[in-house]
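So the sequences go chain by chain: A and B.
For the first sequence, our numbering begins at 33 and goes up steadily by one.
For the second sequence, our numbering begins at 6 and goes up steadily by one.
It cannot be assumed that every hint is accurate.
[Stated by the list, open to error] Going by beta-carbon spacing under 8 Å, a handful of chain A positions derived as facing chain B:
id	residue
1	Glu-44
2	Ile-54
3	Leu-56
4	Ile-82
5	Pro-135
6	Phe-218
7	Asn-246
8	Phe-248
9	Phe-249
10	Gln-264
11	Met-313
12	Gln-320
[Stated by the list, open to error] Coverage of chain B stretches by chain A, computed from C-beta distances (three or more under 8 Å per stretch; other residues unrestricted):
id	region
13	117-125
14	205-219
15	285-294
16	299-313
[Stated by the list, open to error] Keeping only pairs whose Cα atoms sit at most 25 Å apart, straight-line, the calculated PhoX-like set for lysine-lysine is:
id	chain 1	residue 1	chain 2	residue 2
17	B	Lys-320	A	Lys-145
18	B	Lys-135	A	Lys-53
19	B	Lys-286	A	Lys-170
20	A	Lys-170	B	Lys-74
Calculated directly from the structure, the hints in this document are not laboratory data.
Bear in mind the structure is a predicted one, so any value in this text is a computation, not a measurement.
For each residue, glycine too, the CB sits at the ideal point set by N, CA and C.
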Amino acid sequence: MSNIRAIKSSREDAIFEVVTKILLIIACLIILYPLYFIIIASISNPDYVIAGKLTVFPMDVTFSGYKKIFRFRNLLNGYKNSFFYALIGGFISATLTLFAAYPLSKKDFSGHKPFTIFLLITMFFQGGMIPLYIVVNKLGLRNTPYVLLIVNGIQVWNLLVTSSYFKSSHIESLNEAAEIDGCSHFGYFFKILLPISRPIIVTMLLFYAVWQWNDFFRAMIYLDNPDYQPLQIVLKELLATSQVSSTIYDMMEDQEALTEMLRAAEQMKYGVIVMATLPMMVVYLTMQKYFIQGITMGSVKG
Amino acid sequence: MRTNEIASANSMKVQKKHSIAHRIKHKLITRGEWQLYLLILPVVVYFIIFHYLPMYGVQIAFRNYSITKPILEAKWVGLTYFKRFLNSPMFPQLMKNTVVLSFYDLVVGFPFPVIFAVILNQTQSKRLVKFTQTVTFAPYFISMVVLVGMLYLFLSPTSGIVNKLLELFGVSPIYFMAETKWFRHVYVLSHVWQRTGYQAIIYFAALTSVDPGLYEAATIDGATRLEKIWHIDIPSIMPTLVTMLLLSVGRILNVDTQRTLLMQVATNLETSEIFGTYVYKVGLINAQFSYSTAIDLFKTFINLTLLILTNFISKKLTEESLW
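Can you build the whole structure from these sequences, using the hints too?
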């Protein structure tokens, strides 16, 4: 009897394996095809794209879309600003997060409980959009390049993830040894803890930098000055509309006819998407393990 | 090392005799706790300014505030703005749109990452699993602006690839991004596309930490794959699942304002106007600061109530709780 069951279950296993494999391949195609399509559409003759002829291979390859994009000052400026926000913002946020996470990870620290509660409250109750806007306004931060580095610059979730990393067992025992040897908190934190905490440092830098790069809403609220606008705001004007936006109109040379403009606009949109997303994809593919680590560390803490 | 321990034991005895002031001094100076306070200080100051000051500012919801005068000088009007909101025709519409969108997003969006993680975990080919994980996590790195831009391109009634495909089946072009009835579907499905891989990571991590001995024992007992999933996989991700569900329910009125704002056009307002977008417009576009804050506060209040309620129910039923 058990033999028959075993044979039955092994045949069932084989079918099951095929089914799961097919499902995973379908999932990959659903994600990859739109991304692939954008790439081939950005280098194909827009006539084929608009007519719906483009499917698997790029058609009548042309880089005229990218040439137009590189002439567009606002976009390049946005690019530059976003690099600044991601690098500097990422660095400041990660540094302060690491600093604060160490005291929070020490259970015998007299401020452990009060500070934890102090921070957790803000996860569930916020003043809201307008009261924060008033504070930022009163501090004179509106329309300055610093506002995006500061507002929402420290996230409670990241503090919790980092402090739970510092609490993990291999680090905890090191801390005990250092304390017995009479090492000061500063000495331990800067000379011992930080050098061995590379994974969490990289994870935090990446999380904050990616978030800075992709965020647009704070810039929409606090920045009017086009000089400081991040890339996402420029993209929003370009992409998040079904019409040809005035921004695209500005990008065209005057002599170009309306139909030609529509043609080129379509192709440029695809090119702009590629350009805006490429840096993040490169960061993701080279640093994948740090991102996964950061997400799973947070969930273990719960 | 010994002497150190004795010394610390002695100091503890002495410490008991000291007054509170002495004890604080001992902790701060002798044990060097001031260093810990110094490390956390920037973040604490930051939270006081950018989280607690706005909480104090919430009182403008009860005052007739204008930006030129200090908050405390503005006239106290009590619940006037709350009453105005609850009596306005916007209230039922916002409530309905927000809850329906959020609930739809939850019901459709919640099972996908769970099922996906289980399938990943059950697949033997480790290379395929790794590849699929890499691919499905990628959309998480696409910004919201770009994602919505992609939707406008793909779903365009004149040149979008989706409508071209539908044309082959004789369907006339659909205005996905403009029509009232399509907004929710597009919102939820694009959200699934973007977040499933990311959310599955947490469940997948919980599944990979399951003791392989459990599967072996189940195999010896002749359990089928589906039985293994039901009796081993599902129970092992249950705590994670409940936590995620609790958090989602507590955020039911916090549907993604930014995503909605980007997908909102004049013609789909009937379904796309939600709490967050309305708060933004009333507050920052029409500059009705007090009214906007009142609506925002009302939303926060409902969210908190829901969170506490669901947490309480979950505690009773499953012994899983957020705190």
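Okay, the hints, checked on the actual structure:
Interface hint at Glu-44(A): satisfied, since its Cβ lies 6 Å from the closest Cβ of chain B, which is below the 8 Å cut-off. At a threshold of 8 Å, the smallest CB-CB gap from Ile-54(A) to chain B is about 10 Å, leaving the interface hint violated. Annotation: Leu-56(A) was flagged as interfacial toward chain B, and the flag holds, the nearest CB pair being 5 Å apart, inside 8 Å. Among the interface hints, the one on Ile-82(A) holds; its C-beta lies about 4 Å from the nearest C-beta in chain B, closer than the 8 Å criterion.
Interface restraint check for Pro-135(A): the shortest CB-CB distance to chain B comes to about 4 Å, inside 8 Å, so the restraint holds. The beta carbon of Phe-218(A) comes within 5 Å of a beta carbon in chain B, closer than 8 Å, and the hint placing it at the interface holds. The beta carbon of Asn-246(A) is positioned within 8 Å of a beta carbon in chain B (closest approach about 4 Å), and the interface hint is therefore held. Because the beta carbon of Phe-248(A) sits about 5 Å from the nearest beta carbon in chain B, less than 8 Å, this interface hint is met.
Hint on Phe-249(A) holds. Least Cβ distance to chain B is approximately 5 Å, under the 8 Å limit. Taking 8 Å as the C-beta contact cut-off toward chain B, the hint placing Gln-264(A) at the interface holds, the least distance being around 5 Å. With 8 Å as the threshold, the beta carbon of Met-313(A) comes within range of chain B, its nearest partner Cβ sitting at about 6 Å, so the hint holds. With a least beta-carbon distance of about 6 Å to chain B, the hint placing Gln-320(A) at the interface is held under the 8 Å criterion.
Check result for the region 117-125 of chain B against chain A: holds, 3 residues qualifying (beta carbon to beta carbon below 8 Å, three or more required). For the region 205-219 of chain B, the stated coverage by chain A is satisfied: 4 residues place a CB nearer than 8 Å to a CB of that chain, which reaches the threshold of 3. Given a C-beta distance limit of less than 8 Å, the hint that chain A covers the region 285-294 of chain B holds, as 4 residues qualify and 3 suffice. A count of 5 residues in the region 299-313 of chain B with a Cβ less than 8 Å from any Cβ of chain A is obtained; the coverage claim is therefore met, three being the minimum.
Using a Cα cut-off of 25 Å, the hinted pair Lys-320(B) and Lys-145(A) holds, with the two alpha carbons roughly 23 Å apart. A C-alpha spacing of about 12 Å is found between Lys-135(B) and Lys-53(A), which places the hinted pair at or below 25 Å, so the restraint holds. Note on Lys-286(B) and Lys-170(A): the hinted pairing holds, with a Cα-Cα distance of about 21 Å set against a maximum of 25 Å. Between the alpha carbons of Lys-170(A) and Lys-74(B) the distance comes to roughly 11 Å, so the proposed pair stays at or under 25 Å and holds.
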